[in-house]
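Student: What follows is the residue order along each chain.
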Amino acid sequence: MDFELDQDQQMLAKTVGEFAKNESPVARFRQLRDSAIGYQPAAWRKMGELGWMGVPFPESVGGFGGSFIDCALIIENLATTLVPEPYLASVVLGGMTLARAGNAAQHEAYLTPMIEGDTTLALAYSEAQSRHDVSSAETTATPVGNDYKLSGEKVWVLNGHHADHLIVSAKAPGGVTLFVVPREADGVNVTVAKTIDGHKAAFIRFDDAAVDGGSRLGEEGSGAAVLDRTMDYAAAAAVAEGVGIATTMLQMTVDYLGTREQFGVKIGSFQALQHRAVDMYAETELLRSISMASMVRADEDDTSTRRADISAAKYQLATGGIWVAQQSLQLHGGIAVTDEHDIGLYFKRMYALNALFGDQEHHVARFASDPAFAEVAV
Amino acid sequence: MDLTFTDEEEAFRQEVRAWIPEAMPDEMREKARGAGGFTPEDSATWHRILYEKGWVAPHWPKEVGGTGWDAARRFIFNEEMELAGAPPLSVFGLSMVGPLIISFGTDAQKKRFLPKILSAEEFWCQGYSEPGSGSDLASLRTTAEDAGDHFIVNGQKTWTSFAQYADWVFCLVRTDQSVKKQAGITFLLIDLKSPGVEVKPMLTLGHTPAFCDTFFDNVKVPKENVVGGINQGWTMAKALLGHERTLLAMIGPSQNVLQKVKRIAASKSVNGRPMLEDPVWRAKIARLEMRFRAHTMVSYRALADQQKGKMPGPESSILKVVGTKLIQELTELAMEVMGESSLTWYNEGLCPPVEESIGPYFCYERAATIYGGSNEIQRNVIAKMILQLPSS
Chain A
71 MDFELDQDQQ MLAKTVGEFA KNESPVARFR QLRDSAIGYQ PAAWRKMGEL GWMGVPFPES
131 VGGFGGSFID CALIIENLAT TLVPEPYLAS VVLGGMTLAR AGNAAQHEAY LTPMIEGDTT
191 LALAYSEAQS RHDVSSAETT ATPVGNDYKL SGEKVWVLNG HHADHLIVSA KAPGGVTLFV
251 VPREADGVNV TVAKTIDGHK AAFIRFDDAA VDGGSRLGEE GSGAAVLDRT MDYAAAAAVA
311 EGVGIATTML QMTVDYLGTR EQFGVKIGSF QALQHRAVDM YAETELLRSI SMASMVRADE
371 DDTSTRRADI SAAKYQLATG GIWVAQQSLQ LHGGIAVTDE HDIGLYFKRM YALNALFGDQ
431 EHHVARFASD PAFAEVAV
Chain B
28 MDLTFTDEEE AFRQEVRAWI PEAMPDEMRE KARGAGGFTP EDSATWHRIL YEKGWVAPHW
88 PKEVGGTGWD AARRFIFNEE MELAGAPPLS VFGLSMVGPL IISFGTDAQK KRFLPKILSA
148 EEFWCQGYSE PGSGSDLASL RTTAEDAGDH FIVNGQKTWT SFAQYADWVF CLVRTDQSVK
208 KQAGITFLLI DLKSPGVEVK PMLTLGHTPA FCDTFFDNVK VPKENVVGGI NQGWTMAKAL
268 LGHERTLLAM IGPSQNVLQK VKRIAASKSV NGRPMLEDPV WRAKIARLEM RFRAHTMVSY
328 RALADQQKGK MPGPESSILK VVGTKLIQEL TELAMEVMGE SSLTWYNEGL CPPVEESIGP
388 YFCYERAATI YGGSNEIQRN VIAKMILQLP SS
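First to last, the protein sequences are chains A and B. Per this note's numbering: the first sequence ends with 448, consecutive numbering throughout. Per this note's numbering: the second sequence ends with 419, consecutive numbering throughout.
I should point out that these hints are in silico values taken from the structure, not numbers from a laboratory. Think of the CB as a built atom: it goes at the ideal place given N, C-alpha and C, for glycine as much as any other residue. Each hint should be verified, as a subset may be incorrect.
[Said to hold, decoys possible] Lysine to aspartate or glutamate pairs mimicking DMTMM-like chemistry, simulated, CA-CA at most 25 Å apart:
1. K335(B) x D256(A)
2. K311(B) x D440(A)
3. K208(B) x E251(B)
4. K311(B) x D203(A)
5. K411(B) x E445(A)
6. K295(B) x E445(A)
7. K264(A) x E410(A)
8. K84(A) x D97(B)
9. K337(B) x D203(A)
10. K411(B) x D371(A)
11. K220(B) x E157(B)
12. K335(B) x E254(A)
13. K89(B) x E445(A)
14. K84(A) x D332(B)
15. K337(B) x D440(A)
16. K89(B) x E36(B)
17. K264(A) x D217(A)
18. K337(B) x D234(A)
19. K250(B) x D332(B)
20. K337(B) x E106(B)
[As the list claims (entries may be wrong)] Just the calculated beta-carbon pair ranges, DEER-fashion:
21. E119(A) x E90(B): 52 to 60 Å
22. D34(B) x D369(A): 31 to 39 Å
23. D97(B) x F333(A): 28 to 36 Å
24. F134(A) x Q41(B): 36 to 44 Å
25. Q110(A) x K337(B): 37 to 45 Å
26. E223(A) x T31(B): 39 to 47 Å
27. D429(A) x K227(B): 50 to 58 Å
28. F333(A) x E90(B): 54 to 62 Å
29. E289(A) x S294(B): 44 to 52 Å
30. S439(A) x S294(B): 16 to 24 Å
[Said to hold, decoys possible] Here chain B is said to cover these stretches of chain A; the calculated rule only asks that three of the stretch's residues, wherever they fall, bring their Cβ under 8 Å from a Cβ of chain B:
31. 152–163
32. 216–228
33. 329–339
34. 365–379
35. 382–396
Chain B on its own, in the form it takes in the complex (with noise of 0.2 Å):
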């Protein structure tokens, strides 16, 4: 074991660290200093200087256009992207569809669909959720029927986050009915333009515009769309929820509200001193960083399992279970640091813009223990699969 950086990493974040506010835009700048509250189009320009710099895909392999970084280069960019304050990018074409169809995806596929995620000509969404379907993913009832070299779809997809920014729509849908619910699922791509397609989306509690329905209504779609085989759309996102795992760990964002947390601790006083350095208030933000170093080494742990070509061990399947309540824990407690000012909702410079961006994103936090598989649902699967429980 040996948790140190070599000298030639070291240069590696220095040079990073140089990199990024000299390329970002100079209003990014500001916002990356400032609140954050980034816009779909700041991720899509970030995305584009990333591309161009050869660095938007730490995590894929060099033949696709990958940066083939071994695992600590990828923490120590990781840490100073979250450290600069930098716009997040969107996860679904590089980080869920982008490294599923380099597993499974034809050449012709590869071919079609990595270029354009790596250079944010095309972004994606994902469709899962259906109004009835839900926690009970595999009882979704959007068909795909056979009508020879393509499909018909038809029915509702909700939870499409981003649909409204996005081209394309990697989706489940159900290719045989008369089969267990589970075998009857096929992964499919869906360009958003095809006709009958329409994408509605709705405020979230933040009021920040991520939710969307996409309906499809007789959608037309060839067959060369889908990935990993017709009825094999179960295995796919199991598949994909491994990749998913070390993303919802949720370990940049924890880290930058961490930062904020003390932005703001440092800035208000109690007891005639700054709240950072009062003991009761010290103690309790001491008390999460405490946890997030516990959790970090969690995630570093199934990272470094990843570097070496294996399978994440079994305690990666808990960090979307603790990183997502740790993460509501630390919004909470910046809305509870900002006091009388966590009332603010969307009044420009009336409060410090750090402070003005909490109240939205505590909000939205709280999808995070509900999205990616409920927490209740992961811990009836870990109890299942790692604990080897009894099943009732």
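Bound-form chain A, shown alone (with noise of 0.2 Å):
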């Protein structure tokens, strides 16, 4: 056992933070928020040839062979300003599906240029039934020889508005199944929707969308397994995310409880203030805890375990870290209800992330009918 993170991965997170705060302040994504894109194509590019997007995958599709540790990392420090690019959508929802479900060729075709920053991707999964059921798919993909047709809507799509590259999963006569679909494609129509937190993401409509057998990700009826395994990943970078966001939100305040005066002193000399500050911490520092455990449990194959942590974790960011947000605010006072204070955006963004990848509920559920749960000791 050991709770340290390798001089590499040190090294990277500090890379990573400095990036952020030197290239991407909050002051960029306020700007880009209002784009059409929401991020620049240039910094995405910028990112891969750093490398960052390569991190979990294996050498042979142009990755560095790393492990999901080195993933979060990169996501909990980008997110302490809020860098807009696509990473969490584009690398762990669409990449981390694409490099399990796909073939070599389509690693190369699809995986490669995402991982140098030449392209993005983007999972459609979700659909207005579906909550948190990656195996509910009402989408059809119906068979045409050798090829498909795929009919149906995805909602809330993240990066669906830009990404090259589409993972579609859709009801084939073997079950759920993935395919690459370009988001350019005939019968795809895709309507732009702004998120809560500043982002974008779309719903997509499938008209009779052509699509070659080719494009197949893996044998019929094997998607939602993937998929099951995607949203482990997507939750522990929900997670690593909301530390990164935690944290900041947390330094914030402790910064404006020693400035802002009130009664003649500062604010962060009342009990009160401080006694809160301190629990946000407790908060704070449960959530990295379980999300270190929970970055190290995503690489692993044995589900009990890894969806123990993962869900431990998500249900803390859905407690702690919410709260933490939450009480930010109320410390900051009525600045934080405006929109030119920071801490408001990072508000939002967690409560994002709460929504996504499972929320409260879910993960309550999920760990509570795990055979583990009721082994009870005789």
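Once you've looked at the hints, go ahead and assemble the two chains, each given alone in its own frame, into the complex.
Tutor: Laid out in structure tokens, this is it:
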């Protein structure tokens, strides 16, 4: 057992943190949130040159063969200044799914250019009725000879408004199946949707969109299991991002308590506010600690332990992480509720992370239904 | 980062798991399987069994009688002890004054005291609080007057838990009235058999015999019983607090109560099925278990730091605040799961032994957020020392 980052990981975390601070301060996110794309392809390319997108993928596809820990560290540190490039959507959701489900030719065609920063990916898995159930796909994939036609609608596709390639789940005769579809293909209709946290997603309608058989990832019916695993990676990634958000909000709040004066003194000298800040610190450290467990477990194939720690981590984000976000606003007072102050931007991002990849009730139910939960010592 | 155990560590786990039930006397094994409810005598018996095996002080260095285990083996050992429901050991010698003597004691003190802590020939208790000095501990008034080669101690200590079973007490006493209150305190070891010492036990809210008042009336204490130097007592108290942190995280007791909650929930029905299968009750239990998992990870980080010879990181400061609240919530949940059976109060044979033990324990654990520096004092300290918020 070892709870320390190795030297390379420490270096990576530091480099990403410095990049965020120096090259993408929150002001950059503010500027870009009203633009059509919401981020800059040039910045994405630079992140590709730095090698960050290849971190969790094998060397055979142009990756670095690292662990998910490295990936989570990048996400955690990009979050400190709300860097808007779609790392989670493209690398974790799109990339990890493609890496697991695709063959060598598909990896070379879609994964390698993403790793290099030339393209982005999006995962179109969610539907209006599905609510965290990745096996609930009403979008259909109807065989036409060796090819397919897709029909149906996907909702809240993160980075779906700009991704070069979409990975789409659809019900084929053999069950839920994944396909790679160019966003600009015929029959693919993309509606851009703004999200509460200043990002963009897409509602995507497939109207008999033609997909050739070579774009199918794996066998028919293999999609749900792959997506289930992707959701664990995504939940662990959201928690890592939540750690970056909570840590930053706590620091901003402690700084504010140390500068803001009322009644002739720094408000941080009031015991009621000090104790609130300490409880925020406690919740943040609980989140950081269980995030460490979940990023390690994400790569493990043992289902029970992996799910237990990832669900516990997402639950701590939903409870402790959200509470830190709430208290940060409360302790900043009225200024926090203006769009001018940055604290509210972090607040909204925490709520977005909470809503994605399984909410509190989903993870409580999943944790409690694992056979290990009911094992009672005799 | 790596959270897995090696094959050698897994083999060690099997060794410990197999040894525990073999080593326990029959009656103790019955209690361990059932409700617990161990007496101080049970704890002493188990202490001696562990001593014979050489396993009584996993956290002490090898040269003074510890096991020399690394952090992973200590995690495993503690986990197996809890899962087996083994009696808790008295912490005052093994986990409090022992480590302090190891760090700050003279060679003579090490030779005199450590072997008898290990062998259970001498048990210890703590003399910190006084009737007028609780959270404001540094205001303490028990005095130790300089009388040449010894001190004369006068005053009253309270919450000297288990003093009625102890042979020695480690005390904070005032040795200088003329300086700032923290600067005039000395850490002193006092033999409870000394003339002039009187111990008066009182029942806890759970009707267990834990609390005591201890009175000192012109008690003669040799100067060689000072640890860390005269007027260095406050520094010693703070050093001891570092040892206490991981202890007060309550990982073991929480694990134990969580198991009990599940056992009770599996044995009771609601809506025609075991409570443990009812979605509402299951979710209630799961929420606390998930929080416990996060809390355990904070504690592992602190233990891993200690293992590497580093001071635990600042995050270890929250262990007491979070862990004591969690054990209270778990005992409350146990009461809730029991329903009407939670009314029971020492009725042997009326309820299953596990349930019979919960009420007194639930009552006693109300102390957890108060002792060891109340959680409010802990927050004051964290606000100042870690968050560096301004003083009022």
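Student: Determine for every hint whether it applies to the structure shown.
Tutor: Here's how the hints hold up against the structure:
no.	hint	result
1	K335(B) x D256(A)	violated (60 Å)
2	K311(B) x D440(A)	holds (15 Å)
3	K208(B) x E251(B)	holds (23 Å)
4	K311(B) x D203(A)	holds (22 Å)
5	K411(B) x E445(A)	violated (43 Å)
6	K295(B) x E445(A)	holds (15 Å)
7	K264(A) x E410(A)	holds (19 Å)
8	K84(A) x D97(B)	violated (30 Å)
9	K337(B) x D203(A)	violated (45 Å)
10	K411(B) x D371(A)	violated (44 Å)
11	K220(B) x E157(B)	holds (20 Å)
12	K335(B) x E254(A)	violated (55 Å)
13	K89(B) x E445(A)	violated (37 Å)
14	K84(A) x D332(B)	holds (21 Å)
15	K337(B) x D440(A)	violated (37 Å)
16	K89(B) x E36(B)	holds (19 Å)
17	K264(A) x D217(A)	violated (34 Å)
18	K337(B) x D234(A)	violated (49 Å)
19	K250(B) x D332(B)	violated (35 Å)
20	K337(B) x E106(B)	holds (23 Å)
21	E119(A) x E90(B): 52 to 60 Å	holds (54 Å)
22	D34(B) x D369(A): 31 to 39 Å	violated (20 Å)
23	D97(B) x F333(A): 28 to 36 Å	violated (52 Å)
24	F134(A) x Q41(B): 36 to 44 Å	holds (38 Å)
25	Q110(A) x K337(B): 37 to 45 Å	holds (42 Å)
26	E223(A) x T31(B): 39 to 47 Å	holds (43 Å)
27	D429(A) x K227(B): 50 to 58 Å	holds (55 Å)
28	F333(A) x E90(B): 54 to 62 Å	holds (57 Å)
29	E289(A) x S294(B): 44 to 52 Å	holds (46 Å)
30	S439(A) x S294(B): 16 to 24 Å	holds (20 Å)
31	152–163	violated (count 0)
32	216–228	violated (count 0)
33	329–339	holds (count 4)
34	365–379	holds (count 5)
35	382–396	holds (count 6)
Violated hints for the displayed structure, listed by number in ascending order: 1, 5, 8, 9, 10, 12, 13, 15, 17, 18, 19, 22, 23, 31 and 32.
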